[in-house]
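Chains F and C, in that order, give the protein sequences. Its first residue numbered 1, the first sequence is counted upward by one per residue in our numbering. Its first residue numbered 225, the second sequence is counted upward by one per residue in our numbering.
Don't read these hints as lab results, they were simulated from the structure. Ideal placement from N, C-alpha and C gives every residue a C-beta, glycine not left out. The reader is advised that the hints may include incorrect statements.
Claimed, not checked - Dumping the calculated EDC-like pairs for lysine to aspartate or glutamate here, alpha-carbon to alpha-carbon at most 20 Å: (1) F:Lys205 <-> F:Asp219; (2) C:Lys420 <-> F:Asp16; (3) C:Lys420 <-> F:Asp219; (4) F:Lys205 <-> F:Asp175.
To be verified - Derived, one-sided and incomplete: chain C residues facing chain F with beta-carbon distance under 10 Å: (5) Lys323; (6) Ile331; (7) Leu335.
Residues per chain are reported as follows:
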Amino acid sequence: MTAHPRPPYDEDDDLDLRALYRTLPRTEPGPGLDAAIHGAAVRALTADRRVQRQRRLWHPGWGVAASIVLTACLFLLTDFQDPHDTGLADAPPVNADLARPPQAMPRPAPPAAAPARPDDGAALRRYAPAPQAERAAPMAPAPAQAPQARQFSAEPPAAASADQAATPPEAAAPDDETQARIDRILELLQDGQREEALQALQDLKDDQPDVALPPDLQDLLPPQ
Amino acid sequence: MSLAAPWPGAATAPDGCAMAAERIHSAAMDIPGADDETLMQAYGAGNLAAFEALYARHRAGLYRYLLRSTRNPHLADDLFQETWSRVIDARARWQPRAKFTTWLLQIAHNLVIDAYRRQPSQAGPQETEAALAALATAEHEQPEQQLSDFQTRRRLQLAIERLPDEQRHAILLRLEHDLSLEEIADVTGAPRETVKSRLRYATQRIREELGA
Chain F
1 MTAHPRPPYD EDDDLDLRAL YRTLPRTEPG PGLDAAIHGA AVRALTADRR VQRQRRLWHP
61 GWGVAASIVL TACLFLLTDF QDPHDTGLAD APPVNADLAR PPQAMPRPAP PAAAPARPDD
121 GAALRRYAPA PQAERAAPMA PAPAQAPQAR QFSAEPPAAA SADQAATPPE AAAPDDETQA
181 RIDRILELLQ DGQREEALQA LQDLKDDQPD VALPPDLQDL LPPQ
Chain C
225 MSLAAPWPGA ATAPDGCAMA AERIHSAAMD IPGADDETLM QAYGAGNLAA FEALYARHRA
285 GLYRYLLRST RNPHLADDLF QETWSRVIDA RARWQPRAKF TTWLLQIAHN LVIDAYRRQP
345 SQAGPQETEA ALAALATAEH EQPEQQLSDF QTRRRLQLAI ERLPDEQRHA ILLRLEHDLS
405 LEEIADVTGA PRETVKSRLR YATQRIREEL GA
């Protein structure tokens with residue numbers, strides 16, 4: 001294959017072609033195209049004019065000045081506030097009772113209509129997180145306790161607390177030893193040693209027939 | 225075209241040159257004598273008459289370039305309108321970093337390339353030949369002369385249309401707009417030597433067609 005060297009392209013080489021090209025029909029865009037483009041140009045300038053007018057009405061300097069004034073006012077009203085100037089010094093003292101955080105309420109007993117659940121795990125979940133004050137609360141059989149618990153829950157917390165402190169329990173509150181035995185029973189149940197727990201529960205009931213047991217432990221006792 | 229006065233709220237020139245801004249904003253601006261770049265800046269500043277002058281200068285050449293590049297009158301109309309729409313959209317941010325003509329043809333050339341990618345099949349030579357045959361010839365020409373000139377023009381038209389796309393774009397920019405090699409390279413985005421090669425091949429093929 002032989003390479004044919006070509007002469008370098010000279011920009012004047014096509015003078016005759018350019019002259020001939022000039023003789024081709026001078027096609028032009030139609031009047032519809034002209035009108036469309038002219039309309040677009042006019043609309044663009046109209047839009048620019050509208051924007052310029054709005055910019056003149058809403059000069060950015062006004063916005064900046066208003067923002068600065070607003071920020072300064074808020075700063076003065078909040079951070080540099082003097083209690084004597086604003087009357088806070090004359091405010092009434094804070095009621096300590098109202099400011100105290102709410103105390104723990106005794107958990108209401110399950111409704112009487114609800115079937116007793118002899119499930120040991122459920123009993124543990126219900127009693128494990130209970131505060132010590134709740135454990136010391138009077139325990140009564142579920143059918144007798146339920147209406148009272150609902151009554152407590154309907155009252156305000158402060159009143160309920162006061163009533164609970166003033167009213168003596170109906171059943172004898174378990175002493176420390178009894179409470180320790182109850183805790184031991186609960187631990188046995190938690191460890192899955194049900195037979196030993198039932199035996200300890202029966203022993204407790206035999207030793208202290210009048211002891212107030214939690215409802216779930218009461219359910220574990222054989223019916224009398 | 226009417227020479228409307230610039231609207232009073234026109235923005236100042238971006239370069240901040242007071243004299244240039246005054247020249248652009250002035251109602252007594254020498255629009256016929258102003259160059260394209262000044263007219264484009266004046267239009268960006270709100271002078272509608274500057275745009276009209278700019279449009280009047282470039283409308284025919286741009287349209288012919290698009291028509292002969294695409295060989296499809298409908299597509300040429302669309303691209304022509306789109307090109308000027310982009311010019312209008314760029315009015316405020318346009319800076320005279322290059323010649324207005326180069327920028328305008330760059331827009332048109334890119335639109336043509338995009339149109340090729342979208343619909344590669346363009347109108348065939350038959351459609352263009354029919355359009356060419358329908359053109360009226362000058363009345364002062366004699367019948368034999370008319371026939372000879374018509375055949376020559378027809379051969380040139382067909383020769384241009386049979387060129388490959390890149391060569392046709394290059395030769396059209398050269399013949400229609402008298403662009404230099406560097407300017408054609410700027411418009412098409414091709415290296416100067418590539419443009420030179422395309423022009424050489426295109427010229428040679430056209431000459432062969434005309435001499436056949």
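Hint by hint, here is what the structure shows:
no.: 1; hint: F:Lys205 <-> F:Asp219; result: holds, 12 Å
no.: 2; hint: C:Lys420 <-> F:Asp16; result: holds, 18 Å
no.: 3; hint: C:Lys420 <-> F:Asp219; result: violated, 104 Å
no.: 4; hint: F:Lys205 <-> F:Asp175; result: holds, 14 Å
no.: 5; hint: Lys323; result: violated, 17 Å
no.: 6; hint: Ile331; result: violated, 13 Å
no.: 7; hint: Leu335; result: violated, 15 Å
When the structure is compared with the earlier hints, violations turn up for hints 3, 5, 6 and 7 and for no others.
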